[in-house]
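Undergrad: The chain contents come next:
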Amino acid sequence: MKPPARKDALKPLWRAAVLLRVITLVFAAGVVMTHDGEYARTWLAWSTIGAMALWTLVTSIHYLRPGRGSVWFTVVDLGVCCALMTLSRMALTHDQLAVDAVPLLPTVWVTSVVAVGAIRARVVGGAVFGAVISAFNYGVRGYVDTDLTRDMVLLIGVGIVVGMLSLNQVKAAETAERLAQAMRAEAATAERERLARTIHDSVLQVLARVRKRGRELGGEAAELAELAGRQEVALRALVAAAPLESTAGGEADLRPRLQVLTNDRHQVSVPATAVMVPEAAAAELAYLVREALENVDRHAGPTARAWVLLEDLGDEVVLSVRDDGVGIPAGRVAAAETEGRLGIARSIRGRVRELGGTATLETAPDAGTEWEIRIPNAKRGTR
Amino acid sequence: MSEQVISVMVVDDHPMWRDGVARDLTERGFDVRATAADASSAVRIAHAVRPDVVLMDLNLGVESGVDATRAITAALTDTRVLVLSASGEHSDVLEAVKAGASGYLVKSASADELVDAVGRTAAGDAVFTAGLAGLVLGEYRRMAAGPEEGSAPKLSERETEVLRLVAKGLTARQIADRLVLSHRTVENHVQSTLRKLQLHNRVELARYAIEHGLDADPEQ
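Chains Y and S supply the protein sequences, listed in that same order. Residues 1 to 383 in UniProt numbering are what the first sequence lists, from first letter to last. Residues 1 to 220 in UniProt numbering are what the second sequence lists, from first letter to last.
Next comes chain S alone, as it looks inside the complex:
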């Protein structure tokens, strides 16, 4: 049982795409435990099957995968969400990552890239495309320039440096070589940029809830 098979759930509203991805992953030895076509059934099914990785499309017809991502990552601590989305859905992708997704892959990625990304996500690494790095960099800068600048998380100089290199298309290995760091350290820097963003997002949501009395016990 040491080499456990990674269990996956595929969420996409397009049957053709959903089945194609599921088949690709099954052929490569993943355990595709479930599929879902909409956000609410995705959350329900994820609770039932508890997969290691949820492959989440953000564009679920009229629904968005962002809320499903938040619900799944909040309730299931061992389940990671990898966003698999059409490129360029900027604010959506960023929202999903802030809501707890641990990575993002464009739909035009090859089957090899997909398999690699699912494996890394299951191992707990953040899967960053250059596009996501650009979004995250932009988000930190937006927060730094915004009104709640004091409470907003900040990137260290090293993290900024690493993220910029990711955004310019360098692999973790290449970044490690260029900055004379270990591969692990680079991965940790990348992960920490996401974690800070997600933590801040949760704090903001909680603050919003308290300010608007949403945390009050309904019995009282």
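Bound conformation, chain Y alone:
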């Protein structure tokens, strides 16, 4: 799916192609008027101009709509243009065709379809459409000479030039989009840093103070200190995490999604540089880790703590979730997996498999549990 900006970028070119067809239609009609009465079949000549006018209307409506019609419509467009050129064989006399070189009925009107091909399929599309129209030009005339070859060079040339223009438009739009995204990200980062500083200077200092003094006072104050401490840890993790933004390529940094899971019992360790994975994988992995941590809270005992480690090995991303809770006795793992206790184990395995990775679970009595999730990153492996 193309980002909307790329399609919009070509809007001026589509308009120009439509305008070109209207102008060349008027020219074609003028040429037929000039040779009126000299044709083998004058009615056919005027009918062709009528058909061209109708087709100009149809294509204008299609190409000015935001969807620009389908690719097939453009192929049909090319076919109609070639067919109308072919009608000249019947409308023009033999002398007009081969000796006097009177223009074919559509004349330069067919240039527009070459431009359309170029806008749609860049340089290759333009060159191919130009070549097809030239081939019909030779075919209808039935001979080869310098003038026809000059037409061919011009038609293919127009295709290539418009194709390059179209490519440039798309690239420029992409660059502008990337620039806009970078500026948005920068503004967001600056704002986040400002907020983080404010929170750091005010709320966090007070929470830290409450936690410290409360512990010293003991009793009920210590309970309050405990609560303040928890909020302090969570708030620090929140203001420190990078924004959850994804790139234009549909990739996202996995780190902030994991860092927000930090609290007084869960610690998250990540590299200092971004760990980019496809957006969908980032969401899925963050969800998995959240589930695994919730499972620790539910089953590993009231004092159990958990650690999340994110590693980027280049061709794969490794996620470890370890807890120091009660663990599971050997031989009970399979049973536990089917019961509620490790019911999520199956869900984790299934989800990791869908991401093309592997998940292993290690556990022993009183030794906690440890998940290791490995997700291959084929795209970056070849970087």
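Just so you know, these hints were derived from the structure itself, not from any lab. Glycine included, every Cβ here is placed at the ideal spot set by N, Cα and C. Fair warning: there could be bad hints in the mix.
[What the hints assert, rightly or not] To give a feel for the contact side, a few chain S residues facing chain Y, derived at Cβ under 10 Å: (1) W17; (2) L94; (3) L135; (4) L137; (5) G138.
Starting from the known structure of chain Y, fit chain S onto it as the hints suggest.
TA: Chain S only, in chain Y's frame:
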């Protein structure tokens, strides 16, 4: 004089925090010799009082504690810097460690953890949180994948193994048990991962200085 009191200096721009930490440490028998609120006075005061351990906050208002850490560890070989910072300041913490800090503790750590960490830092051990281990692992991998892969320091298999376990929250004691090593050996592995990183950083800085002519004698 055999059981020397450990002297400490606290650097933080927040008076409330600075005084709280100083009081905690004094109560536990440390000699809090000085405090500082900004990077430049931290370097100046450290030169004057030569503490065993500098507790360094990285977020000193507009200044960063990283340069102060580099200046202090470069000039005062007997002074160690322990970074005490808000969690998650990733690149900052990593930079401070590369600049010579011998450890990192989050500000939300308890007073007991702080006292333990200061003691270990004074004894020359590297104080690693799981978070720092994750950062250091990531840094070695970044260097291995980077353009100067040849000159970059590498972790041995054992060091990687140890560092991963630290990052997963195991204590040195637990790691020693799991890998059937002595506690000392585990500490040495952890320390060596930091030392290699710091050495590489110094070499890189020197190379940069030479390439840019910063080492030239100003007289010439």
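Undergrad: Could you run down the list of hints and mark each one as holding or not?
TA: Here is how each hint holds up against the structure:
At its closest, the beta carbon of S:W17 sits 6 Å from a beta carbon of chain Y; the interface hint therefore holds under the 10 Å criterion. At a threshold of 10 Å, the smallest CB-CB gap from S:L94 to chain Y is about 5 Å, leaving the interface hint in force. The restraint placing S:L135 at the interface with chain Y holds, with a minimum CB-CB distance near 5 Å, inside the 10 Å limit. The restraint placing S:L137 at the interface with chain Y holds, with a minimum CB-CB distance near 6 Å, inside the 10 Å limit.
Hint on S:G138 holds. Least Cβ distance to chain Y is approximately 2 Å, under the 10 Å limit.
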